[in-house]
Each structure stands twice: as C-alpha cells, then as structure tokens.
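Colleague: Just so you know, the sequences run in chain order A and B. Its first residue numbered 487, the first sequence is counted upward by one per residue in this note's numbering. Its first residue numbered 102, the second sequence is counted upward by one per residue in this note's numbering.
Misleading hints may appear alongside valid ones.
[To be verified] With a Cα cut of at most 25 Å, we get these calculated DSS-like pairs of lysine-lysine:
1) B:K186 / B:K233
2) A:K913 / A:K488
3) B:K186 / B:K226
4) B:K292 / B:K233
5) B:K116 / A:K913
6) B:K205 / A:K507
7) B:K226 / A:K509
8) B:K225 / A:K509
9) B:K250 / A:K488
10) B:K352 / B:K366
11) B:K126 / B:K275
12) B:K205 / B:K225
13) A:K507 / B:K186
14) A:K488 / A:K507
15) B:K126 / B:K250
16) B:K226 / B:K205
17) A:K507 / B:K226
18) B:K275 / B:K250
19) B:K186 / B:K225
20) A:K507 / B:K225
21) A:K600 / A:K629
22) B:K186 / B:K250
23) B:K274 / B:K233
24) B:K274 / B:K250
25) B:K225 / B:K250
26) A:K509 / B:K186
27) B:K274 / B:K126
By construction, these hints were calculated from the structure, which means they are not laboratory data. Note that this is a predicted model, so its numbers are computed, not measured.
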Amino acid sequence: MKFSMSRALTIARREYVTTIKRKAFLFTVIAMPAYFAFVMTFSVSLGSKAAKRAMTETNTIALVDSTGLLAETPPQMTVEIVDEGNPFDTSKKAPVTNKFAAEVRRFPDESSAKAALQKNEVQQVLVLPASYMNDGGARRYTKNGGIIGSSGRERALLRWLTGALLAGHLDSSLAERAVRPGKGLVNYQLDDKSQFVMQNDMRELLTFMVPLALAMLLATSIVTGGQYLLQGVAEEKESRILESLLCTVSTDDLMVGKLIGLGGAGLTLVATWGLVSSYFGAPMLAVADFNMPFTTLVIAAVYFLLGYTFYASIMTGIGAVTNNMREAQQFAWMFTFANFIPFITMTATINDPNSGLAVGLSMFPMTAATEMMLRLGTGAVVPAWQLAASMGILAASAWIMLMISSRVFRIGLLMYGKTPNLPEILKWVTSKG
Amino acid sequence: MLEVRNVTKVFDDRKVVNDVTFDVKPGEIFALLGQNGAGKTTLIRMITDITRPDSGTITLEGQPVTSPSRPRIAYLPEERGLYRKVSVLEALAYYGELKDLSRKEARRQAVELLEEVELAGWAKKHVHELSKGMQQKVQMCTALIGDPKLLVLDEPFSGLDPVNVRLLEDILKKRRETGVTVLLSTHQINKVEQLCDRCLMIHRGHMVLYGTVREIRRQYAEHAVYVSASTPLPSDLEGVIRMERADDYSKLVLQRSAEAGTVLKSLIARGVAVDSFQPAQPPLEDIFRHVADTGSGLDQGRSGKLGDDAIAALSGGVR
Chain A
487 MKFSMSRALT IARREYVTTI KRKAFLFTVI AMPAYFAFVM TFSVSLGSKA AKRAMTETNT
547 IALVDSTGLL AETPPQMTVE IVDEGNPFDT SKKAPVTNKF AAEVRRFPDE SSAKAALQKN
607 EVQQVLVLPA SYMNDGGARR YTKNGGIIGS SGRERALLRW LTGALLAGHL DSSLAERAVR
667 PGKGLVNYQL DDKSQFVMQN DMRELLTFMV PLALAMLLAT SIVTGGQYLL QGVAEEKESR
727 ILESLLCTVS TDDLMVGKLI GLGGAGLTLV ATWGLVSSYF GAPMLAVADF NMPFTTLVIA
787 AVYFLLGYTF YASIMTGIGA VTNNMREAQQ FAWMFTFANF IPFITMTATI NDPNSGLAVG
847 LSMFPMTAAT EMMLRLGTGA VVPAWQLAAS MGILAASAWI MLMISSRVFR IGLLMYGKTP
907 NLPEILKWVT SKG
Chain B
102 MLEVRNVTKV FDDRKVVNDV TFDVKPGEIF ALLGQNGAGK TTLIRMITDI TRPDSGTITL
162 EGQPVTSPSR PRIAYLPEER GLYRKVSVLE ALAYYGELKD LSRKEARRQA VELLEEVELA
222 GWAKKHVHEL SKGMQQKVQM CTALIGDPKL LVLDEPFSGL DPVNVRLLED ILKKRRETGV
282 TVLLSTHQIN KVEQLCDRCL MIHRGHMVLY GTVREIRRQY AEHAVYVSAS TPLPSDLEGV
342 IRMERADDYS KLVLQRSAEA GTVLKSLIAR GVAVDSFQPA QPPLEDIFRH VADTGSGLDQ
402 GRSGKLGDDA IAALSGGVR
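Here chain B stands alone, though its shape is the one from the complex (with noise of 0.2 Å):
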C-alpha cells in the first residue's frame, strides 16, 4: 500500500527525518511512535504531499504520493481546527467537495458520518456551539469524508472521553475491515497495543523500532517469567535466579540455560495453585521510553536485541 523508502528532510542543515524505509500492507492500522521532535509530523507531512522529501521515494500503491491520480489519502493533523461561524453539515460538505465530491454527493456523505459519530442532531448547528468532543468527532468526520485509502490521523483520542475513544476505535476497526489503511500517530502506547497490527518509533528523525507489537515486544523480553499463584512460591526452585514480589504476581528471573517451561512444570509439581504464567515482555510503553532515553534501537545494532544492561534496565520499568 504505502512504501516509504530511504526517506530523508533536512531542515537548516538538520536531518529531521534520516532515511527512513518502511511499508504500511493494505487494511493495516500502523502506528507511527516517537518523542516530541522526532521527526513523526515531518515524515507524515511528506506522506500526505504537504512538504517534499529531499531525497527518497514515498509511493502509494505503486504512485508517487504527488501524482494526482495515486488513491486519496486523508489527514487528521494533531493541530486542527473548523471554519466556526458555519453549520457542522456545511464544513463536512465543504470538505466533501474539496474532495472532489459533487455537492449533493458531499452533503449525503456528511450525513452519513454524522450519524455514525452519533452526531446527526447537531448537523444544522454551528460548529462553534459544540463541545470540544463534538469537534473532534466532526474533525474526524473531515478526515472519513470521500472514502480515502489511507487515513493518517495525528494524535486522534486527544480530547476524547472513554466512551468516544470506544466510538472512534471501532470506527477505524470498521474501515480497516473494508480495505482502508490507517497510519496512527499517538502517544497512547496502550491503544497502539490494542489496535495496531505494526508500529515504527522513531528517535531524532532515526528509525529505532520497526514490526509488530508482538516482535518487538519480544525483541526486547527478558529471561523471566509473571507468576500469580494463590499459594506461596518455593524460594528454592532449579533455574531461578532470583524472586521479585509485587502486589499479586512474582518476577522469576531465570538462568539462561533454564526454560520457562520447566520452571512451570517444577512449580506445579511442587504443589503451587498456578493462576496465571506468562514471558516477561515488557509493555510497548516501557520500550518506548527506554528506546527515547538511551536512542538505542535498530539504526544501532540493527538487531533490537537488549544487552545485559538494557534488560537490566527495563525490567526495573516493569509493573
């Protein structure tokens, strides 16, 4: 779907964006992580044709994003605002026909999204009368508006209550069961957990992490195991290193030469009521902050593999 390849923005001799190569597959929702001044708005701006790489190639299903006959792409920027003295229904529709939309065709469109973000009764009120929620919805509406093939949304949840946060990821869900692409840029580690299928941090215009969740959840887990279990661990079992207590689970972490799967079975056998094991991945945000603070990652070591120190590090991040 979208290719971006050795993709690099120099501002005032700063290379913003530093050769940057990756791919978003059709119906996937990627996200795209890193810092403040990363580089992730420089980047999206050159995706959506707003400014120009000074070198490397962006494409979108096989066209250059600035040839006027590549599929439509969307934008939701994380600094957004409405034309406010006019109705919800007239901003939509004018959206619509910037799109190309006929204006019947724009205006039956704005009808349709303003149902779906559960908004049809404010369509005749000016934008200026609705709450800062509301906005958000109608500014999402902007982005949905003439069916895009991509959608790159910067920062969506801001401003959403849960309910709408809800609303809104079901939205995406919805347009990725129809094809659509989604490229998300957020700080909310734990919604790209939840609905991304890949992601791609950046850290000063570098790529540092780059897969799925999953991958690179792996990459960088330790050798240990979460233990919950309604009776007491034994403090002696073969190939744990040591035991780290929480609130209601225990950290084991083992010998390098142990597998977690021995371990399980030596806790059974020794009795343990076993409620819950599983590796210890750290969370994607702990990643993340550990990759922001010490910038280590794949323009590194290429490999994503943690030294001893950085595990170290991490798991001290561990909740």
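If we strip away everything but chain A, and leave its shape as in the complex, we get (with noise of 0.2 Å):
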C-alpha cells in the first residue's frame, strides 16, 4: 500500500489529541513547573533565611589576642552586611542592610576560649596569635552550623577584624573605604557597537542561562516526544491493535502519522513550559534588557525538528521489536541517557566551548543537538561549518535511521513472541520484503 498524507495526518490528529487528553500529560505539563516552583522557592526561602538569621542573631565571640593590637576595641562589635537579594528578583526593593552584632569577649588562652566554645557560652573563637603581623597565621574555632550561617558569620568577622586592625590609625572614612573598597564600584563594558556600557550582570547571567534552558528543554521535548512514541509503538503491538490496522493503512502512513503527532505532543509539553517561564521570566528578561537572538531560535527549532526524528525513529524501532513496554524501556534507556550525556560535560563546555570534547559532541548525532545548544549559550563564536556540519551529519543519520525504523516497524510490528537479536534485525534491513 503506497503512502498517503491524509491518512497519515488522521493518525497524527488521533495520536496528538489522545495523548494531550491523558491525565499523565496534564500532569505533566502542570506538575513539573510547580514542581520546581515550589522547590526553588522554598528552598532559596529558606537559604536566606537562615543566612540572614546567623548573621542578625545576637552571637558571642571568644577573642584570644596575643598580639595586642585590639586591646583598644571596644567589647561590642556591629558591621553592616547589604544583603544583594534573590539576583532573579525584578522588584525595584531598596537593598536590605543586615547588621551583625556580636559581643566581644577576651580570652586570655585558646585553650579557655574553646572550652567556652563547647559549653556553648560562644559561638566561635577568633585566635590571634603572637606572629600574626608576620605571617597572618590567625585561627577560627566554630561549632558545626551549616556552610551558610557560617560563610555569612565569617564574612562580618573578617570585616570586623578589618576595621579594628585599622581603627586608630587611620581616620574613619578612609578605615571605612579600607574595609569595604568596592562598595559603590560600577562596571562599564565596551559592546558590540564600540560603545561602553553598564555592565548588566543578570544579563550576563541570562545569557547563558536562557540558551541552557532552551537546551534542556530542547532535550526534554526530543526525549518526551521519543518516549510517548515508544509507549504508543509497544502498547499497540502488545494489544494487537495493528495487524487490523495495517490492511487499510501502509506502515509508513502509520510511522509518519505518529512521528508527526507524537512529536507535536512533546513540543507542546514543552511550548507549554517555555511560555509559562516566558510569561513569568519576561519582567527579568525586561530589567536585564535581554533579548533572545533569534537565530538562536530558528537554530533550536532545526535541531529540534532533526533530532527529534532521529531520536524518535530509533523508538519507533524499539516499540515494533519489542514485545511489550518494559522491555522497550529496558532497550530504550541508553539513548535516553546519550541525549543528556553534554549536560554532564557541560563544566568543560562553559569553560571551553571549543575545545575537542564539544565540538566531537557536537557532531556525534545522539548529543549534537543538545550540545551545540550549550556551546551557543555560552556565547562562543561556533564556526559556521561545524554548525553546517552538526546539522548535516545530524539530517543524514535521520534520514538513515528513519530508513532502517521503518524497515523494522514493518516487520516487526507483526512478530510476536521472541525478540530478534541484532544479526535478525540487520537481515530484516537488508531483506527485500
């Protein structure tokens, strides 16, 4: 039976609105954004709560000053820390200034000082030895409370110390400008158009967190769209739906039918999210005067567009030889896990976007289109015939793997029982019919 296009667009309908009405997608698209919501939320709530909390709450400080040089400073202590907020945060608030206060109290050796420190009568214990000014050699003594409360406790103490080892020989002001040099310092960048600008750093930010979560998304919307394909190919194999099917409709009406829904399902899932992070993100993209390139865009929709075909004929295969849905995930999970293989190299991809590692990942078709996703975020010039080259080493093995897919769907839909081994699967490739 020869390939017809409406055929094939009535099965991608069906495909595409049974799967967007399943509980699981909705699901899907609702859950996991609040998921993360949630989480993020909650948990930066709660990290800068408990920063601002170790830094504001009244704290003792054991001082055991063999050097001599603080025997002038007064017994209370109290720094101001400007608390720089939630750098996502767009809302015009006045920076909030946090004040440490800390009393003082003079121990005459280290070894009294830490006692003190286990009996809980302070919370940490400064040691100034006798060779300080030579060699800088002080110690610190705390209890075990957590990298932020104690970041932020060693933060107001190192300045305090500043400017207690300056106060008296120095006026105040300039003690002041010593101890906090950079206070009002502001960047300015040369850009693209020789001109120097304010130096933006949520923009700096955004521009590589932007095209990092287009490429996860990219990913994201290969892989769902593969999965739901891989569950439709083996959940009607394993009921036996097709074989009724297949008198009226060819195998690649019905492969198109469902690489055309399927994959519509999945960037829908997708689109989905990108807009909801758009709609909530646009204030920020907005304060950082961020905007996304867009050959960017056209660039994502490409590789979108190949690797999800590449991706998919591969599932597609897996479900018609497969006898039912485990066993397709327990063949399926390798190349799940290949399109995510450039987020776990992705510290050598920011720190050297062109180095041999991800300009190989970048042509190796199960990673290249995550990959060059990642070396565009990070704003490296890619050479055009690597993206040339990406992209067309990408389109060839599609169009190969769609090949080889179809050949094995149209066999293997209508085997039952034992799974082929790889010499049986390459004879059904190269078999005549």
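Could you fit the two chains together into a complex? Lean on the hints.
Modeller: So this is what it looks like as structure tokens:
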C-alpha cells in the first residue's frame, strides 16, 4: 500500500489528541513547573532566611589576642552587610542592610576559649597568635553550623577584624573605604557597537541561563516525544491493534502519522513550559534588557526537528521489535541517557566551548542537538562549518535511521513472542520484502 | 473477484505457503481451513497486502492487491485489539476515517453499524467498559465500516455466545446479498458447512482440499448409506457387506456393484418403516481431521478420492 499523507494526518491527529487528553500529560504540563517553582522558592527562601538569622542573631565571639593590637577595641561590635537578595528578583526594592551584632569576650588563652565554645558560651573563637603580624596565621574555631550561616558569620567577622586593625591608625572614613573598597563600584564594558555600557550582571547570567534552559527544553522535548512514540508503538503492538490497521493503512502512514502526532505532543508540552517560564521570566528579561537572538531560536527549531526525527525513529524501531513496554524501556534507556550526556560534560563545555570534546559531542548525532545549544549558550563563536557539519550529520543520520526503522517497523509489528537479536534485525533491514 | 495464482512465501528457507492457487467468486462466502501453523495467516496477510508473496500473483477484480485503486479490503485478524480509552463511536469512526471516509460520514456509518450489532446504546461508553463479546462485535464493525468489497475474517465467531453467533451469521449473509465477498478462516467446521459456499484447506502450506462443501463431502463419500427406521432392519439384505448399528441409525456398507436405490427398494419391499435414508458422506470436520492427520489431498493425488484405507479410517470417525 502506498503512503497517503491524508491518512498519516488522520493518524497524527488521533495520536496528538489522545496524548494531550491523557491525565498523565496534563499532570506533567502542570505539575512539573509547579514542582520546580515550589522547590526553588522554598529552598531559596529557606537558605536566605538561614543566612540572615545566622548573621543577625546575637553572637558572642571569644577573642584570644596575643598581639595586643586589639586591646583598645570596644567589647561590642556591629557590622553592616548589604543583602543583595535574589538575583532573579526584578522588583525595585531597596537592598536590605543586615546588621551583624556581636559581643567580643576576651580570653587569656586558646584552651579556655575553646572550652567556652564547647559549652556553648560563645559561638566562635578567633585566635590571633603573637606571630600574626608577620605571617597572618590566625585561627578560627566554630561549631558545625551549616555552610550558609558559617560563611556569613566569617564574612562579618573578617570585616570587623579589618576595621578593628585599622582603628586608630586611619581616620574613620578612610578606614571605612579600606574595609569596603568596592562598595560603590560600577563596571562598564565595551559592547558590540563599540560603546561603553554599564555591566548588567543579570544579563550576563541570562545570556547563559536562557540557552541552557533552551538546551534543556530541547533535550526534554526530543526525549518526551520519543518516549510517547515508544509507548504508543509498544502498547499498540501488545494490544494487537496494529494488524487490523495495517490492512487499511501502510506502515509508512502509521509511522509518519505517529511521528508527527507524538512529536507535536512533546513539543506542546515543552512549548507550554516555555511560555509559562517566559511569562514569569519576562519582567526579569526586560530588566536585564535581554533579547534572545532570533537565529538561536531558528537553530533550536532545526535541531528539534532533526534530533526528534533521529531519536523517535530509534524509539519506533525499539517499540516494533519488543513485545511490551517494559522490554522496550530496557532498550530505550541508553539512547535517552545519550541525549543528556552534554549536561554531564557541561562544565568542560563552559570552560572551553571549542574544545575537542565539545566539538566532538556536537558532531555525534545522539548528542549533537543538546551540545550545540549549550555551546551557543556560552556565547562562543561556533564556526559556521561546524554548525553546518553538525546539522548535516544529524540530518543524514536521522534519514538513515528513519529508513532502517521503517523496515524494522514493517516486519517487527507482526512478530510476536521472541525479541529478535541484532543479526536478525540486520537481516530484516537488508531483506527485500 | 479474488484470484490467487501460484502464490509462495518463504520464511527462513521454509515454504510457509507453497504454490497456492484459488479463486473466490463475487458475493461468495469462502472458507479458508487448516490447522494452526498451516499457513492461513500468512496467506491472509498476503491477500490483505500486509506482506508480499515471494512469487505468484494476487488480484482483486483484475487489479493487483498492491494497487492503490483496487477495491477496498477489510480485515479482522484473529489476534485483535481496540483502542480502549476512547468511546466506542470514536474508535469506530477512526477506522472509517482511515478508510478515507469524511469525519461526518465515518460517524454516520459507525452509528448505523452499532445499531446493526445491537450496541447503539453503548456508543458513548469507553471500549474498556464493554464485555468481551461486545468488544468482539465492535471489532467486527471496524472491518465492516467503509463498505468493503472483500471482507477477510479470521476466526470471527470466537468469544461470541450463540445469540451473537447467529447475529454475526445474519450480518454476513446480508452482506453477501449486497455483493460483498467474504473470506472466512475458522476452526469451527460446522459454521463452514452452514455458511460457506466453497472452501480451501491448506496443510503445511500446500492446498489439500478445494471446492464446494458438497463436492468435497461427495469426494470423500464412502460406498455406504445411513438408515434410520422405526422397525428392525433385516440382516440379510442383498448388496450389503455389513451393518454397523448406532443408537438411532445404522450404517450399511455396500458391495461395489450395489446401488443405494436398489437397497432402499429392498428395505421397503421387506416392510421396513424407513424414516431416513442418506448416502454416507462424512461430515467436513472428519474430512478435515483425516486430511490433517495424513496430509492427503490435492497435492498428493489431485483427484481428492480416497483409497480404501482412507475410507476405512474415515468410516471409523463417522458418528
């Protein structure tokens, strides 16, 4: 039977509608972003509260000063630390200044100070040995109190120490500048138009974060669409629906229809996430004066098309040769995993986006789409030939995989019972009919 | 209507279908018989263009079954399923649309078919809410939608209760009257005798029986008669070699030269109250079993006539 686009589109429509109406689909659309939003908000808020509490609650510092430099320092200390807050918070709230207040209690020796720490009479011990002025070898003792609180306390303590060391030697405003020399620092950068513009940290962050998110969405949409396809083919094979369909439609109608319909479902899922994130992220993008380059979106769309065809063809073949979903998943996981390898090697890509590893992964069909998006995300200039070669290799691989899968699909759909081994599958691929 | 010519299909160097040739006439209900693994499903898949023969041709109204313009074929496979999480109407209409019906026409035909199989009240229920028998009827409808010219049905009666078997038989007869041709594969031989005009039996890929049910039974007939009478039968009838008594009838095995009519005349002349008298033609089921056991049939002798040993073997199986 010859391929018919109208039948393929009928199949695509059914696959699409059935999939997006599934409770599991709706749950994924709503629950995944809600879950991430909850986790992010909860953890950021908890962390920020913990840091604030650690800094602002009254501390007692045990000071063992063998240098005599701090003999004149008053027993109360107060340090102001400006909380720069959540970098993603776009509201125009004034920065909050936290006051770190502590009582400084002097101890004659290190052992008595440490004993006081063990008895919870003090929260930290600062030991300045007699040699401190020569080698800076101070010691600080604390209880295990979590990284967030501990780093805040250390930052405040060191700032106080700087001020205390300078007190009496410099006038107060000079001492203040020495403690916080970069308080009002503004950075300017030369932009593409040879103009010096004020550095926008948020834009710097977004320039990488947005393509990273795009790479993540791309990989997820490719895998999601492919997984729907695997599930669809495996379920239909298991429930013996296919044989009655195959008298009416060709295997090519069925395969193309499924590819379009389920790819559409995967894309809908990711597009919904993308739109929701853009809606909530729009104010932040506006504040950062961030514009997604149109070419990046076009490149992402091309990679989705090619990557999805490649991956989904493999999933179709797996669904056709296996007997049920469980068996299909056992074969599918390694291909799914391959798609996410670029996230494992992401640090190397960020450090050197044009390294051999990064170039290699962006040429390898299974990782090409995700890796190339990550490379582009770093802002690196990817040579045009690499982009063309990567897309070319992926397109050729997708086409070959589609042809192989079509043959395997045609034969595998009607085979029940034994799962064929690789030589048998190769025989199907090379057989004439 | 359907012409199958010298069709052969080889899997792993084994001829699963071996040089099979037969015709199915328009408006005929034709049975395809054979044991499990005889090659029926492979033959059906080639007729329905799901797989292709290695050699030979299959045409429908003169056009190859592979041609996009050939008349519509519908197929109800033995191993079948339905989309379970959709309504019965949607499931059926989808099959209609795949057969190039418009969405509206597909729904119209689906409603009509559901009425025909007495499931109109279940149209909006999900398929998984239906009993097995009901699902079976919906599956039958998936084959019937789109007005196919050739209906290929593999074990259509399995899973149906006697009332629904009758309903399905009526549907098939009705379709036959409108010119639809039915190719039926079943193990229920009694249904073949009741419903089918002609049949083909294949055994290990070879054709072994082909013709009308009557012809085949006649081919395998023994030179004997079944008699049931209200009065005892005389034991010394002329032309009778031996008499085998069963509960409500007797089988009289005749000499080669004796004719059944002469024996009937003798019985009446000797005052026997004959209730029924018929030539001893074995039921199709016994012929099927014999052919399956021995592999004898067209490919062995082409004549279809059985030797004395075969007749003796068959007579033992006659009830």
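Colleague: Now look at each hint and say whether the structure bears it out.
Modeller: Verification of the hints:
For the given pair, K186 (chain B) sits about 15 Å from K233 (chain B) by alpha-carbon distance, which is consistent with the 25 Å threshold. Among the hinted pairs, K913 (chain A) with K488 (chain A) is consistent with the structure: their alpha-carbon atoms are about 23 Å apart, no more than 25 Å. Taking the CA atoms of K186 (chain B) and K226 (chain B), the gap is near 10 Å; set against the 25 Å cutoff, the hint holds. Pair hint K292 (chain B) plus K233 (chain B) holds up; C-alpha atoms about 21 Å apart against a cutoff of 25 Å.
Proximity of K116 (chain B) to K913 (chain A) is assessed by CA-CA distance (about 18 Å); at most 25 Å being required, the pair is judged to hold. Pair hint K205 (chain B) plus K507 (chain A) holds up; C-alpha atoms about 22 Å apart against a cutoff of 25 Å. The straight-line distance between the Cα atoms of K226 (chain B) and K509 (chain A) is roughly 18 Å, inside the 25 Å bound, and the hint therefore holds. For the suggested pair K225 (chain B) and K509 (chain A), the alpha carbons sit about 19 Å apart, so the restraint of at most 25 Å is met.
Between K250 (chain B) and K488 (chain A) the alpha-carbon distance is near 19 Å, which keeps this suggested pair within the 25 Å criterion. A distance of roughly 16 Å separates the Cα atoms of K352 (chain B) and K366 (chain B); the hinted pair therefore holds under the 25 Å criterion. This hinted pair checks out: K126 (chain B) and K275 (chain B) have alpha carbons roughly 16 Å apart, not beyond 25 Å. With a CA separation close to 16 Å, the supplied pair K205 (chain B) and K225 (chain B) stays within the 25 Å bound.
Among the hinted pairs, K507 (chain A) with K186 (chain B) is consistent with the structure: their alpha-carbon atoms are about 11 Å apart, no more than 25 Å. Of the pairs offered as hints, the one joining K488 (chain A) and K507 (chain A) is violated, with about 31 Å between alpha carbons and a cut-off of 25 Å exceeded. Restraint check: the Cα-Cα separation between K126 (chain B) and K250 (chain B) comes to about 12 Å, which is no more than 25 Å; the hinted pair holds. Restraint check: the Cα-Cα separation between K226 (chain B) and K205 (chain B) comes to about 19 Å, which is no more than 25 Å; the hinted pair holds.
Pair hint K507 (chain A) plus K226 (chain B) holds up; C-alpha atoms about 17 Å apart against a cutoff of 25 Å. Simply put, K275 (chain B) and K250 (chain B) have alpha-carbon atoms about 13 Å apart, close enough for the 25 Å limit, and the pair holds. Straight-line distance between C-alpha atoms of K186 (chain B) and K225 (chain B) comes to about 11 Å, which keeps the hinted pair within the 25 Å bound. Under the criterion of a C-alpha separation no larger than 25 Å, the hint pairing K507 (chain A) with K225 (chain B) is consistent with the structure, at around 17 Å.
In summary, the hint linking K600 (chain A) to K629 (chain A) is supported, as the alpha carbons are separated by about 10 Å, within the 25 Å threshold. Our distance criterion of 25 Å between C-alpha atoms is broken by K186 (chain B) and K250 (chain B), whose separation comes to about 30 Å. Between K274 (chain B) and K233 (chain B) the CA atoms are separated by roughly 23 Å; this keeps the pair inside 25 Å, and the hint holds. Between K274 (chain B) and K250 (chain B) the alpha-carbon distance is near 14 Å, which keeps this suggested pair within the 25 Å criterion.
For the given pair, K225 (chain B) sits about 28 Å from K250 (chain B) by alpha-carbon distance, which is inconsistent with the 25 Å threshold. In summary, the hint linking K509 (chain A) to K186 (chain B) is supported, as the alpha carbons are separated by about 12 Å, within the 25 Å threshold. Between K274 (chain B) and K126 (chain B) the CA atoms are separated by roughly 15 Å; this keeps the pair inside 25 Å, and the hint holds.
The structure fails hints 14, 22 and 25 (numbered hints given earlier, in ascending order).
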